[in-house]
Amino acid sequence: MKIGLFIPCYIDAFYPQTGIATLELLEKLGQEAEYPMDQTCCGQPMANSGCNRDAKETEALFIRNFSKYDVIVSPSGSCVHHIRDNFDAIEQTDEVRHVRKNTYELVEFIHDVLKVREFPWAEFPHKVGLHNSCATLRSLRTASMSELGEPFFSKPKTLLSAVKGISFAAPRRPDECCGFGGTYSVTEEAVSARMGLDKVTDHHDAGAEYIVSADTSCMMHQQGCAERNGVPIRFIHIAEILNGARA
Amino acid sequence: MSNRPVPHARLAAEFLKDEPHRHFHDERLWDMRQKRDEQMHIMPEWQELREQASRLKEHTLAHLPQYLEQFEENARCNGIHVHWARDGAEHNRIVEKILKDHGHSSIIKSKSMITDECEMREYLEPKGVSVTETDLGERIQQLDNELPSHVVVPAVQKLTTDVAKTFARYYNTDPNIDDPHALAEAQRNAARPVLLSGDTGMTGGNFLVAETGSFVVCTNEGNADLSANLPNLHIATLGIERLVPRMADLGVFIRLLSRSALGSPITQYTTHFRRPKKGGEMHVILVDNGRSERLGMDDFWTSLKCIRCGACMNTCPVYRRSGGQSYGSVYSGPIGAIIDPTFNARKFSTLPFASTMNGSCTNVCPVKIDIHEQLYKWRRVLAERHEIPFVKREIMKMAGRLLAQPTMYRLAISGTEVALKTMPRFVLYNYLNPWGKHRELPHPVKETFHSWYKKNRLNRTKTQREETQA
Numbered sequence: 001m002k003i004g005l006f007i008p009c010y011i012d013a014f015y016p017q018t019g020i021a022t023l024e025l026l027e028k029l030g031q032e033a034e035y036p037m038d039q040t041c042c043g044q045p046m047a048n049s050g051c052n053r054d055a056k057e058t059e060a061l062f063i064r065n066f067s068k069y070d071v072i073v074s075p076s077g078s079c080v081h082h083i084r085d086n087f088d089a090i091e092q093t094d095e096v097r098h099v100r101k102n103t104y105e106l107v108e109f110i111h112d113v114l115k116v117r118e119f120p121w122a123e124f125p126h127k128v129g130l131h132n133s134c135a136t137l138r139s140l141r142t143a144s145m146s147e148l149g150e151p152f153f154s155k156p157k158t159l160l161s162a163v164k165g166i167s168f169a170a171p172r173r174p175d176e177c178c179g180f181g182g183t184y185s186v187t188e189e190a191v192s193a194r195m196g197l198d199k200v201t202d203h204h205d206a207g208a209e210y211i212v213s214a215d216t217s218c219m220m221h222q223q224g225c226a227e228r229n230g231v232p233i234r235f236i237h238i239a240e241i242l243n244g245a246r247a
Numbered sequence: 001m002s003n004r005p006v007p008h009a010r011l012a013a014e015f016l017k018d019e020p021h022r023h024f025h026d027e028r029l030w031d032m033r034q035k036r037d038e039q040m041h042i043m044p045e046w047q048e049l050r051e052q053a054s055r056l057k058e059h060t061l062a063h064l065p066q067y068l069e070q071f072e073e074n075a076r077c078n079g080i081h082v083h084w085a086r087d088g089a090e091h092n093r094i095v096e097k098i099l100k101d102h103g104h105s106s107i108i109k110s111k112s113m114i115t116d117e118c119e120m121r122e123y124l125e126p127k128g129v130s131v132t133e134t135d136l137g138e139r140i141q142q143l144d145n146e147l148p149s150h151v152v153v154p155a156v157q158k159l160t161t162d163v164a165k166t167f168a169r170y171y172n173t174d175p176n177i178d179d180p181h182a183l184a185e186a187q188r189n190a191a192r193p194v195l196l197s198g199d200t201g202m203t204g205g206n207f208l209v210a211e212t213g214s215f216v217v218c219t220n221e222g223n224a225d226l227s228a229n230l231p232n233l234h235i236a237t238l239g240i241e242r243l244v245p246r247m248a249d250l251g252v253f254i255r256l257l258s259r260s261a262l263g264s265p266i267t268q269y270t271t272h273f274r275r276p277k278k279g280g281e282m283h284v285i286l287v288d289n290g291r292s293e294r295l296g297m298d299d300f301w302t303s304l305k306c307i308r309c310g311a312c313m314n315t316c317p318v319y320r321r322s323g324g325q326s327y328g329s330v331y332s333g334p335i336g337a338i339i340d341p342t343f344n345a346r347k348f349s350t351l352p353f354a355s356t357m358n359g360s361c362t363n364v365c366p367v368k369i370d371i372h373e374q375l376y377k378w379r380r381v382l383a384e385r386h387e388i389p390f391v392k393r394e395i396m397k398m399a400g401r402l403l404a405q406p407t408m409y410r411l412a413i414s415g416t417e418v419a420l421k422t423m424p425r426f427v428l429y430n431y432l433n434p435w436g437k438h439r440e441l442p443h444p445v446k447e448t449f450h451s452w453y454k455k456n457r458l459n460r461t462k463t464q465r466e467e468t469q470a
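Chains as they are written, first to last, in UniProt numbering: chain A, 1 to 247; chain B, 1 to 470.
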C-alpha cells in the first residue's frame with residue numbers, strides 16, 4: 001500500500017511535530033508513507049467561504065500531488081472531510097474520485113484500515129480531555145453523536161485506551177463545537193473566541209491536563225483562547241500520544 | 001425594510017459583552033437541548049419517527065397543490081372561510097378587510113411567526129387597529145418593539161430584571177420586583193381585560209390537516225385558546241407548508257414537536273379547530289410569501305419541512321452565544337439562516353456565514369432538514385451572486401492563486417514564520433487582527449514540517465538509495 005501523507009498548511013507551518021509524529025507512527029506501524037513536496041492545501045478555506053471556484057486550481061494541484069497513491073492519510077479531520085464530502089470545484093474524473101474515496105483521517109486509517117489496537121511504545125500518564133472536532137464527529141463519524149442517541153463508540157478513544165497511564169476527563173458538553181470553523185474564527189471572532197474559551201474551560205473544569213484531538217486547527221484556536229485567558233491546559237495531537245510522546 | 005446586510009458578527013459581539021445575559025442565554029437553551037436529549041433517550045423509536053416525519057413532509061410538499069385544495073374544500077364544508085395570500089401585504093389586506101366587514105378594531109392574538117413575517121402589526125396599527133399579543137414572551141417583545149428572538153421562546157434573551165423594567169413602563173408595576181410569578185401575574189392582570197374586550201381573535205397554527213379541513217394549534221400558556229374562543233371572530237394565519245395529509249399523520253409530528261422544542265412530552269394545549277363556534281365566524285388565511293418559490297429551489301426546498309420547534313436554535317453554539325436579535329429577522333438561528341436569504345438575499349447574506357458548520361442542528365432536526373449542508377450551499381450561492389464582502393472575495397481569490405502554486409506558497413509560509421518571530425506584538429495584536437483580539441497566535445517554530453521532511457527523509461532516502469546502489 002502506497003501512502004501519500006497530506007500535512008495541511010497550518011500543521012506544516014505551526015505544528016510540525018504533529019506531522020513528524022504522524023509519519024513516525026505510520027512507520028512504526030510498518031507502513032511506508034511519502035510526503036509529496038509540492039503539496040499546499042485541500043482548498044477548504046475558499047470552498048467554505050462560498051468561493052468554490054477559487055478552490056479549483058488548488059484542488060487540481062492536490063490531485064497532481066496525490067493521485068499516484070493508493071491511500072492518502074492526513075492528521076486533520078476537517079481537511080479529510082473537505083476532500084471526501086465537498087471537493088467538487090474541479091471536474092470529477094476517475095483520478096479525482098480515486099483520491100476522494102481513498103483519503104483517510106489518521107485515526108480512522110489506523111482504526112478501520114490497519115485495524116491496529118496496540119501501541120506498546122505509548123505511555124501518557126495524564127488525564128486528557130478528548131476533543132472530537134465537528135468534522136471527525138459529524139462528517140467522518142469517528143465517534144457517536146450525542147444528538148442521535150446512538151450507542152457509544154469512539155475510534156480515537158479506542159486507540160487512546162491502549163496507551164499506558166492515560167485517563168480521560170468527562171467534560172459537560174463533549175460534543176459542543178469549539179468555535180474554530182475556519183474563516184469563521186476571524187469573520188465572527190467574538191463568538192468564535194467565546195466558544196473556544198467555554199470549550200477549554202469545560203475541559204479544564206473536568207480535570208483535564210491536556211486536550212487531545214485529531215484536529216490541529218481546533219486546537220490552534222483553543223490554545224489561543226486558553227493562553228489569552230490564562231486557562232492552564234495543554235494541547236497535544238493524538239498522533240503524538242500514539243507515537244509515544246510522554247508530555 | 002432596509003436592504004443592508006445584517007451585521008451579525010457585530011451584534012453578537014455586543015450581546016456577548018454582558019456577562020449575565022450571555023451566561024443565562026447559553027445555559028437556558030443548553031438546558032432545553034439536554035431535556036430534548038432525555039426525551040429522545042426514553043423513546044427507542046426516535047430516529048424512526050424523525051425519518052417518518054421527514055418523509056411525510058417531503059411527500060406533502062411534493063403534492064402540495066393537491067393537498068391544499070383538499071384542505072380548502074374540507075374546511076369550506078366545515079364552515080371555515082378560506083383565503084389565499086400571495087404575500088405578506090395581501091395577507092394584511094385580507095385581515096384588514098375581515099375586520100372592516102365586521103366593524104372590528106381590536107385583535108387579541110397568540111404567538112404566530114407568520115404574522116410577524118407579514119409585518120401585520122406594523123400594517124394594522126397605523127390604521128387604528130390595536131393588536132395585543134397574549135403570549136407572555138411575544139408580549140414582552142411587542143412592548144419592547146423587538147422581533148421574536150426565538151421561535152418557541154421569543155424573549156429568551158431577556159432576564160427577569162429586564163422584563164420587570166419593561167412591565168414597569170407599561171403596566172405600572174415595581175421595576176425592582178423580578179419574581180417570575182409576580183411578572184406573570186402582572187401580565188395576566190394586564191391581559192385579561194384586553195382578552196375580554198377584544199373583538200377579534202387571531203392565532204397562528206402548527207398544522208393544517210387536509211383530510212379533515214381542520215388545523216391544530218399547540219401552545220403552553222392557554223392564551224391561544226382564549227384568543228380564539230373568547231371573541232366571535234377567529235382568524236388563523238398559516239403558511240401553506242403547514243399541511244399534513246391525514247389526521248393519522250399528525251401523531252408523528254405531535255410526538256416530535258414539544259420533545260424537540262422544550263424537552264416536554266407534549267405542549268400543555270393541543271387544540272384542534274374544525275369549525276366555527278355557534279354564532280361565530282372562522283377564517284383561515286393560507287400564506288405563500290415566497291414559499292412556492294422556495295419549493296422550486298433544488299437545494300433549499302426541504303427547508304419547508306420545518307415545524308418551527310427551535311431545536312436547531314437550542315443546540316446551535318453560535319446562536320446560544322449571539323442571541324436571536326443579532327439575526328435581524330423573524331427567524332433566527334440555523335433555520336433562520338437558511339430560510340431568511342430566500343426572503344432577501346442581500347439583507348440576510350451574512351447569516352449563512354454565522355455558523356461554524358458543526359452540524360449539530362441537522363442532527364437534532366425532527367424532520368431531518370440538512371441545515372448545515374444548506375448553509376454551505378447558501379455560501380456558494382451568495383458568493384456567486386456577489387453578496388459577500390468585496391474584501392473577502394479578493395482574499396479568497398488571492399488565497400486560491402497562492403495555494404495553487406507550490407513555490408510561491410513556500411515563500412509565503414517562510415514569510416509567516418519570519419513574521420511570527422520578528423513582528424512586534426502590537427502589530428500582530430492590534431484591533432485590525434481579528435484573530436488576536438481574544439486569542440493568542442500559535443507559537444513560532446524552528447522549522448516547517450516541509451523542511452524537516454526534506455532533511456530527515458528525502459535526503460536520508462537519497463543517501464540510503466546511494467548506499468544501496470553502491
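Among these hints, one or two may not hold up.
Stretches of chain B that chain A covers, calculated by requiring three or more beta carbons in the stretch to come under 8 Å of a beta carbon on chain A [said to hold, decoys possible]: (1) 8-21; (2) 37-51; (3) 318-328; (4) 359-367; (5) 383-394; (6) 437-443.
Hints were generated in silico from the structure; no laboratory data involved. All C-beta atoms in this analysis are idealised placements derived from N, C-alpha and C, irrespective of residue type, glycine included.
Do the hints match the structure? See the list:
no. : hint    : verdict
1   : 8-21    : holds (count 5)
2   : 37-51   : holds (count 5)
3   : 318-328 : holds (count 3)
4   : 359-367 : holds (count 5)
5   : 383-394 : holds (count 5)
6   : 437-443 : holds (count 7)
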